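> Using the sequences provided together with the hints, build the complete structure.
2 protein chains.
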Amino acid sequence: MNAVNAHPKSGPIMTPGEVRKRIASGAHTGTTANLAPEYVQGNLVILPKALAYDFLSFCHANPKPCPVLGVSEPGDPAIPSLGEIDIRRDIPRYNVYRDGVLAEQVTDLDGLWRDDLVSFVLGCSFSFEEPLLAEGIPLRHISEGTIVSMYRTNIDTRPAGPFSGPMVVSMRPLSPAHAIRAVQITTRFPSVHGAPVHLAEPGLLGIKDIEKPDWGDPPGMRPGEIPVFWACGVTPQAAIEQARPEICITHTPGHMLITDLLNRHLAIL
Amino acid sequence: MNAVNAHPKSGPIMTPGEVRKRIASGAHTGTTANLAPEYVQGNLVILPKALAYDFLSFCHANPKPCPVLGVSEPGDPAIPSLGEIDIRRDIPRYNVYRDGVLAEQVTDLDGLWRDDLVSFVLGCSFSFEEPLLAEGIPLRHISEGTIVSMYRTNIDTRPAGPFSGPMVVSMRPLSPAHAIRAVQITTRFPSVHGAPVHLAEPGLLGIKDIEKPDWGDPPGMRPGEIPVFWACGVTPQAAIEQARPEICITHTPGHMLITDLLNRHLAIL
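Chains as they are written, first to last, in the working numbering: chain A, 5 to 273; chain B, 5 to 273.
Don't read these hints as lab results, they were simulated from the structure.
The structure presented is a predicted model; accordingly, all values stated were derived computationally and were not measured.
By construction, the Cβ of each residue, glycine as well, lies at the ideal position given by its N, Cα and C atoms.
Any given hint could turn out to be false.
As the list claims (entries may be wrong) - Some chain A residues near chain B, calculated using beta-carbon distances under 10 Å: (1) A181; (2) I184; (3) R185; (4) T191; (5) A199; (6) H202; (7) L203; (8) A204; (9) E205; (10) L208; (11) L209; (12) G228; (13) F233; (14) H269; (15) L270; (16) L273.
As the list claims (entries may be wrong) - Straight line, CA to CA, 20 Å or less: simulated SDA-like cross-link-like pairs of lysine to any residue: (17) B:K212 to A:A204; (18) B:K212 to A:G228; (19) A:K68 to A:L273; (20) A:K68 to B:S179; (21) A:K68 to B:Q188; (22) A:K68 to B:A37; (23) A:K212 to B:S179.
Next up, the structure:
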């Protein structure tokens, strides 16, 4: 790696493959925000093959919170459809869950890999936030450097095998005109959560206090804004915690898989 | 005309041309609701040629409330792009305004036609309500047989010549999920008002009491519903009243021009 790339923001923009190499080498263990702009970043879920069918069925039954971008062969750390990837090293930080409980965080899977592990990469809201920002729609959590507000809802996912639980939503405060435009824009991106699932009236989702999210930071709603809710990638994590698999490995939140796909290529029109 | 068509609902479905002939003959002078289903019905505005450029500019500057479907040559009662039309007789009932004030209602323009009159046909929400209903989105004013609620807003139109004034909106109460779907569906129909201009928070439009519309019937909002607002064809009527042209002829509300265009052909995708 070139020295000018030691801090990614100060150097020339790297390709997704260059960023992954840097991560695999251990040179970058932080979040992937602002790395390889315009490229799709994905949520990672690794499960034993014995649970793979049930989990893929769960994703298929709940495509808005669990949009599948790519899957691996059992035991194979490659995911060719998303780039030249070694899933054991190409993510800056991993969460390792045992029996549904976070057991450790690691920066590679060299000591944990097994021949029966299957990788799932799921779409993430980063991909639809790029076109929203490009349209001039301000996103508070980005401008203020906070974590988007997320809430458990009273909407049940459709269960599959041991996977079930509530849909989790992320929320962005928008003016009504921006909310309408955001519906139009995110509709074009069904593989990264797509259109909102709800807007206004948080009580209808069972949310009692919009300023007290279950995950992330308080939104700081302002007069003239309505809450706009999208299905969230935390939904499968909650379902996995409930299913208590003997082992499950995910990315650490914010430390995503950077793929070779361009966000704009996910648009269906 | 065939006797079985005396009441249009009881006979075979008529083509748009057959309905227009029936109207031109004086056999039908009522509203055009439910006539020639699936076909585009339009709002009519007739003005002297001296005002035609300003009015067309006003429509062009305000395409959401004033979407132009067709225009005529000065003095020519035909509008070939919309069908084989004689605009002097093919509408069941006309409002005649003199100096911006409603002077009379007539069922044809035989005594009023002039060589300098120009006809404008503007899109109407009937065309987007058909696909909303087809999607299973209930529309209260239709199921209850009332007139949709309309409101003057604090959004100014962009003026052109003597035409100016507030944007008028129509409002339909919907569940949040139906509101999102309705944004998607009506986005496909930009020539008949397109996507909503606002939702939730009526106060942001300057609407003090949602149950007291400026035109139409009270909406009867129910728990779990939000108001969804579309730009409305009453907007140009309000602008015309303000402009006080020496003569202006419109359709009588609900008594529309039935065209040969199919609603579904207005969809841009």
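> Next step is simple, just say for each hint if it's right about the structure.
Hints, verified against the model:
no., hint, in the structure
1, A181, "holds (7 Å)"
2, I184, "holds (6 Å)"
3, R185, "holds (8 Å)"
4, T191, "holds (5 Å)"
5, A199, "holds (6 Å)"
6, H202, "holds (5 Å)"
7, L203, "holds (5 Å)"
8, A204, "holds (4 Å)"
9, E205, "holds (6 Å)"
10, L208, "holds (6 Å)"
11, L209, "holds (9 Å)"
12, G228, "holds (6 Å)"
13, F233, "holds (9 Å)"
14, H269, "violated (18 Å)"
15, L270, "violated (17 Å)"
16, L273, "holds (6 Å)"
17, B:K212 to A:A204, "holds (19 Å)"
18, B:K212 to A:G228, "holds (15 Å)"
19, A:K68 to A:L273, "holds (18 Å)"
20, A:K68 to B:S179, "holds (19 Å)"
21, A:K68 to B:Q188, "holds (16 Å)"
22, A:K68 to B:A37, "violated (38 Å)"
23, A:K212 to B:S179, "holds (19 Å)"
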